[in-house]
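Visitor: Here are the chains, one letter per residue:
Number of protein chains: 2
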Amino acid sequence: MLNPEILFQTSPEQYKHWKLQISGQVATLSMDVQEDETLADGYKLKLNSYDLGVDIELADAVQRLRFEHPQVRAVVITSLKPRIFCAGANIYMLGSSSHAFKVNFCKFTNETRCAIEDDSKHSGRRYIAALNGTASGGGYELAIACDEIYLVDDGNSAVSLPEVPLLGVLPGTGGLTRLVDKRKVRRDRADVFSTLAEGLRGKRAKEWGLIDDYFPTSKFQESIDARVKRIVDVSNLSLQSGIKLDPLKFETTGNSRNYEYVKLTLNRERRYADLTVHAPNGPQPTTVEEIHELGDRYWPLQAYRELDDALLHLRVNEPLIGLVCLRTEGDAEQVLAIDQTLAANRHHWLVGEIFLHMARVMRRLDLTAKSFFAIVEPGSCFAGNLLELLLASDRSYMLRDSDSGEAALGFSELNFGAMPMSNGLPRIKSHSIADGRKLDEVFGGLKRINTDEAEELGLVTFAPDDLDWEDEIRLAIEERTSLSPDALTGMEASLRFAGPETLDTKIYGRLTAWQNWIFQRPNAVGEKGALTNYGKPTKAEFDYKRT
Amino acid sequence: MLNPEILFQTSPEQYKHWKLQISGQVATLSMDVQEDETLADGYKLKLNSYDLGVDIELADAVQRLRFEHPQVRAVVITSLKPRIFCAGANIYMLGSSSHAFKVNFCKFTNETRCAIEDDSKHSGRRYIAALNGTASGGGYELAIACDEIYLVDDGNSAVSLPEVPLLGVLPGTGGLTRLVDKRKVRRDRADVFSTLAEGLRGKRAKEWGLIDDYFPTSKFQESIDARVKRIVDVSNLSLQSGIKLDPLKFETTGNSRNYEYVKLTLNRERRYADLTVHAPNGPQPTTVEEIHELGDRYWPLQAYRELDDALLHLRVNEPLIGLVCLRTEGDAEQVLAIDQTLAANRHHWLVGEIFLHMARVMRRLDLTAKSFFAIVEPGSCFAGNLLELLLASDRSYMLRDSDSGEAALGFSELNFGAMPMSNGLPRIKSHSIADGRKLDEVFGGLKRINTDEAEELGLVTFAPDDLDWEDEIRLAIEERTSLSPDALTGMEASLRFAGPETLDTKIYGRLTAWQNWIFQRPNAVGEKGALTNYGKPTKAEFDYKRT
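Chains as they are written, first to last, in the numbering used here: chain V, 22 to 568; chain D, 22 to 568.
In case anyone wonders, no lab produced these hints; they're calculated from the structure.
In this text the structure is predicted, and so the values were computed from the model without any measurement.
Misleading hints may appear alongside valid ones.
Since copy identity is lost for identical chains, a pair holds within one copy or between any two.
To be verified - Listed next, the in silico DSSO-like pairs over lysine-lysine satisfying Cα-Cα at most 30 Å (straight line):
hint, residue 1, residue 2
1, K67, K560
2, K65, K566
3, K240, K284
4, K549, K566
5, K566, K284
6, K40, K265
7, K205, K468
When you get a sec, could you build the whole thing from the sequences and use the hints?
Guide: Below, the structure is given as structure tokens:
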């Protein structure tokens, strides 16, 4: 069966499962999942359970809050269904999905929750989970990604993580890590809570730190309102007007997908893709007024939105592509000029949001389970923010000599902290973790770097000359795409994150790797597995051997 | 087929695969694997490849160096085979092992390599990998666990990690993590190296930071000798005499394994075990002279050696035991008195080694894929170092009131830093990561803590009274052992390590979880998988979908 292509673009007018209401400095994001509006056949989204389609809308809403409604200071996430906030990821969807899809689904939902935390941390919007009913599994994991959690005390509603006792899998959206590392729930209580199918209600949930407070049904809405009012009252933000995020346009053929600045060419038989990012053309705005005026067509926003969409498309719709060759084209000076404008205006809210968005897109790339090779040729522009593409790559190839000009790299301020990886380091530190000294010298210079200098600085992996170039690239592609895709996924996930670990990397590294392991164990997905048998008259039977 | 029981005790006289030579302050540990002396049938240990039996000897040798030969300052690890240092874990052994065995094998070998680094870091012995021939896979991973790596330059010998290109799995003994995080090899070079089946030889290997130096065959031994001499020359250690580690004695029946201080009772049908540690009896030494005289019969050394052996036995020989109830028996004052003696003499080498050993054993427990419940009753002695058993547990149950006396816990100095977890934190910090203040107060007091106080301090999970006690424990055991063993393994691995991550936790968390995932993928272990087909005329065929 050919899977229908999944589209990651949407907008509030098209939402099926969420309502986004803005009232002054307060946004309310209400979940009201339509059970028949699923992304695939074979399941119904009962009880505000979700599939990828529901989460694509949530991700879009959070993104739009940042760009379209910058004045919003408090975001209330709640449900329009009586007595249920959200039942988490739909079990029948999980049970009927391929392993690869399950893994990609969890990754995207994790990124959405990290995006909420990114907004809270960097842009100061406070997220309030107003649990007007039970929040179980992924429902509670959505709540725990918010800053504050309030639960209705109706004698019935609870928070729970029933994955281990009911399904034989882990809470896959960061729940376990956030319990102990974010909310600092005692680990023995986290253990009890995570094995308690029915979860905990108001008083004990608060005592254990799982929620911040609980209110009786009759007082619930007014208590949330009061809390939101306190948040808004202390915010001293001047009212700003946002910019509109219009749909991205692209043209597609059987083996290409071309946006304005990002072009994707698929070589499916050879299992690799070329992904080219183009520098801006012509004069670019230099003041915040001009940037605001240009809005979502400003290159750093549009190009990275296109890149984001292309990465998501590759992940979910092109599983056979194992390697992405990252290329750039255009005038490096244009890219560096943009970086200069961005850096000079970094304290303006819109420029700040553009920075943060670029950083999120690059983190999406770091977390994509494909190999990335950067290909540096004359006419390319791996400079400043686009140099991050090279630094994020598993390897890079830079042409040494060529009749058609000299290849070059270039730094800007943005390479030294504006676009951190999930581990908190600038990508260049994690790339060359040993050699801080050399890099500090570069930071002083910010100059144009030719092939010899790039090798000397340890920025490129290989620098073949014109004569060997074509063959070497071809062989590198052939060799990479011949290796075990699973071994590569594990290897890249290990090598890409040298240095410290953070809440985010714990979620994407430790927790996700364990979940992926469990997602293919017979005890979960075998004929007698717990996930397979959930909701059926048959009961799970385990092989009790511990591994 | 019933697997033969694997024994973890050995001694140099019994070694089949290693020669341990001591000459003054220098130890030489030479690998000379006997290919027919395997732990199971179906494979031969060619080219100094290893199975668990080989690594049990290595672990024993490192342990004996610390206790029996404390004067040793430099340890040279080399091979007695011509042109080959070590070919890593035996592929046919891996190919024919169960998933659970592979995972436990990797965990033990990881612990052995971390023990080498622990010795280097804390006891100052410098480990030199003298690669007189090729070191591939686990062979190079053994080298990279050493402080310095020297490779013979014979035109042929190389270092390599061929797991990804040849076997479709990861280097499973910390190699990837140590490449980028310990040796700080640039990540693009680590990527190339880890996909290059033939590896790299002297010059390039040094340039990339994979080795520290290389020497021609004719100069190899003298160069190593010269390096070792420099290490020994600068050491100003006074010569000390070690203590002998005698074999641990235990009695065993079908469902028990009783050492002097540690008793293991297996309830296989109910899939749980009781593991009881007994406090010392009678007067204990209080001076270092008396401790040295008593040697391996000194309680903190003997009891923890017994505990270590019991844990390894449970892991490898009792896979169906999913839950271990940790119990203690005896006089808490005796345990606290021992801690006082240890703390007062912490700067003596032997006391230092005893501390470090206790810490390693507790880390082995943290990393054991079984659930642990601590059961605190009157007559138990969860105090000081034995309180760590409770703090390491996933949950604890403490009896509130009883006719037979009052249950109590007790702190000592040892709970606040002497026995750190793999993440570097005292176990009590990771257990109750939120509440540093309360704990600091306790640290001032070091008092006897009753049930109410234990609850107040957040040390125990549940405190049922006499009437409910039996039922509650029975139900807790039944409930825990009914859950999916795989989900529990992933959940515990996530909840046990709140707080920072280190090289060690990255190896046991991120890298191991990915390896376990890959170890059950059809691309590795399926009929057409790379591990299955290694060395056969048939070739691996991959499903190239990326996950």
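Visitor: Against each hint, give a clear statement of whether it holds in the structure.
Guide: Now for the hints, and whether the structure bears them out:
Taking the closest pair of Cα atoms, K67 and K560 come within 30 Å of each other only inside a single copy of the chain (22 Å); across copies the shortest separation is 47 Å, beyond that limit. In this assembly of identical chains, K65 and K566 lie within 30 Å of each other by CA distance solely across copies; the values are 28 Å between and 34 Å within a copy. When the C-alpha separation of K240 and K284 is checked against a cutoff of 30 Å, the pair qualifies neither within a copy, at 54 Å, nor between copies, at 56 Å. Taking the shortest Cα distances, K549 and K566 sit within 30 Å of each other both inside one copy (15 Å) and across copies (26 Å).
For a Cα distance limit of 30 Å, the shortest separation of K566 from K284 across copies, 22 Å, qualifies, whereas the shortest one inside one copy, 49 Å, does not. Within a single copy, K40 and K265 get their C-alpha atoms as close as 18 Å, which meets the 30 Å cut-off; across copies the closest is 73 Å, which misses it. For the identical chains of this complex, K205 and K468 are inter-copy neighbours only, at 26 Å across copies versus 45 Å inside a copy, given an alpha-carbon limit of 30 Å.
Checked against the numbered hints given earlier, the structure breaks only hint 3 and satisfies all the rest.
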